[in-house]
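*Asks:* Using the sequences and the hints given, assemble the complete structure.
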Amino acid sequence: MELDYAQATDRGRVRDHNEDYIGCVLPEVPGKEQPHGWLFVLADGVGGQEKGEIASRTAVETLLAEFRRAGRDQALRSLMPRLVQSANEKVFECGLAGKPRGAQMATTVVACALRHDRAVVSHVGDSRCYLIRGGRARSLTRDHTLVSEQERLGLISGRDAAEAETRHVLTRSLGGAMFVGADTAEHMVLADDILLQCSDGLHGAISAAAIAEIVTRNRDLEAAARELIDAANASDGGDNVSVQLIRVRSIERIGMYRGRPYKLA
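The opening position of the sequence shown corresponds to residue 6 in my numbering, with each subsequent residue numbered one higher.
Hints should not be assumed to be uniformly reliable.
Said to hold, decoys possible - Below are the DMTMM-like pairs computed for lysine to aspartate or glutamate, each with C-alpha atoms no more than 20 Å apart in a straight line: (1) Lys95 / Glu71; (2) Lys95 / Glu58; (3) Lys95 / Asp188; (4) Lys95 / Glu66.
To be verified - Using C-beta positions, here's what the derived DEER-type ranges look like: (5) Asp78 / Gln109: 36 to 42 Å; (6) Ala102 / Ser255: 43 to 49 Å; (7) Asp78 / Arg141: 23 to 29 Å; (8) Gln79 / Arg18: 39 to 45 Å; (9) Arg224 / Leu160: 40 to 46 Å; (10) Glu227 / Gly140: 29 to 35 Å; (11) Asp225 / Arg157: 17 to 23 Å; (12) Val174 / Ser255: 37 to 43 Å; (13) Leu31 / Thr176: 32 to 38 Å; (14) Val19 / Arg141: 29 to 35 Å; (15) Arg87 / Glu227: 31 to 37 Å; (16) Arg77 / Asp235: 39 to 45 Å; (17) Ala80 / Arg224: 31 to 37 Å; (18) Ala102 / Gly140: 43 to 49 Å.
These are computed hints drawn from the structure, not numbers from a lab.
These figures come from a predicted structure and were not determined experimentally.
Yeah, the Cβ is synthetic: ideal placement off N, Cα and C, and Gly gets one too.
*Replies:* This is the structure:
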């Protein structure tokens, strides 16, 4: 698998500091991917909690470190939720150690691991991963928020959910308890697909259609990332904004036999 990528984060027009954090694991040797692939991680420290920036950084750095230490040939579908749980435990422990009664420390996280022709996305909270293909953006994640759950149950409409005052109230986050359930899914990717991970500072400010238009129009991913952040700040600017863009340049088709991958002709 060959990839191009770009990532950027911005504190926005109102906040005086940035509680988002981003990171990735790249090939140690140019042109040669890690034995278990590439990893991109984005976290958004929960607003209103203490030390949100520490929570998001702890989550990302734990995921990156654990991914690098993972054994060869581990299935990403089973590896990723374990890594998210490890990050959750680390954030939870940091909160307990923060002061005698424990600090309220929490963060969202979305992580995408890629190998061969597959992307495995694992997330907790309302940071998202989109697949952009053919000029359209499709969310590969479902927000863990109160209004998202209400919409899924048919209690409110999509329009009402987008405008609800409680749309940012999370039902799941890292650090709130010792254990957390991460949603994890595997997706086949094609050459020229673009995966976009972002905090709610982006998807809460501009539509999926606008995101797809900006990314599709800009062949330069660095320029696309900058334009996305500028558009979010122009539309809202009240939150930190972070984005990771990953373009799939080429893939290696594989099949599976008794749990082991093999190349397809």
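*Asks:* Against this structure, judge whether each hint is valid.
*Replies:* Hints versus structure:
As the CA atoms of Lys95 and Glu71 are separated by approximately 12 Å, the hinted pair is consistent with the 20 Å bound. Our distance criterion of 20 Å between C-alpha atoms is met by Lys95 and Glu58, whose separation comes to about 14 Å. The suggested pairing of Lys95 with Asp188 holds, with an alpha-carbon distance near 19 Å, which does not exceed 20 Å. About 10 Å separates the Cα atoms of Lys95 and Glu66, which keeps this hinted pair within 20 Å; it holds.
Remark: the range hint 36 to 42 Å for Asp78 to Gln109 is upheld by a beta-carbon distance near 39 Å. With their beta carbons about 45 Å apart, Ala102 and Ser255 fall inside the hinted range of 43 to 49 Å. Between Asp78 and Arg141 the beta carbon distance is about 34 Å. The supplied range of 23 to 29 Å is therefore violated. Our hint of 39 to 45 Å for Gln79 and Arg18 holds, since their Cβ atoms are close to 42 Å apart.
For Arg224 and Leu160, the hinted distance range of 40 to 46 Å is satisfied, since their beta carbons lie about 42 Å from each other. A hinted range of 29 to 35 Å for the beta carbons of Glu227 and Gly140 is inconsistent with their spacing of about 20 Å. The supplied range of 17 to 23 Å is broken by Asp225 and Arg157, whose beta-carbon atoms lie about 37 Å from each other. Between Val174 and Ser255 the beta carbons are some 42 Å apart, a value that agrees with the proposed interval 37 to 43 Å.
The hinted window of 32 to 38 Å between Leu31 and Thr176 holds, with their beta carbons roughly 33 Å apart. Under the hint 29 to 35 Å, the C-beta atoms of Val19 and Arg141, about 31 Å apart, fit the expected range. Between Arg87 and Glu227, the C-beta spacing of about 33 Å keeps the proposed range 31 to 37 Å intact. Restraint check, Arg77 to Asp235: a C-beta distance of roughly 41 Å satisfies the suggested window 39 to 45 Å.
At roughly 33 Å, the beta-carbon separation of Ala80 and Arg224 lies within the given 31 to 37 Å, and the hint holds. One distance hint, 43 to 49 Å for the beta-carbon pair Ala102 and Gly140, holds here, with the actual separation near 48 Å.
Checked against the numbered hints above, the structure breaks hints 7, 10, 11 and satisfies the rest.
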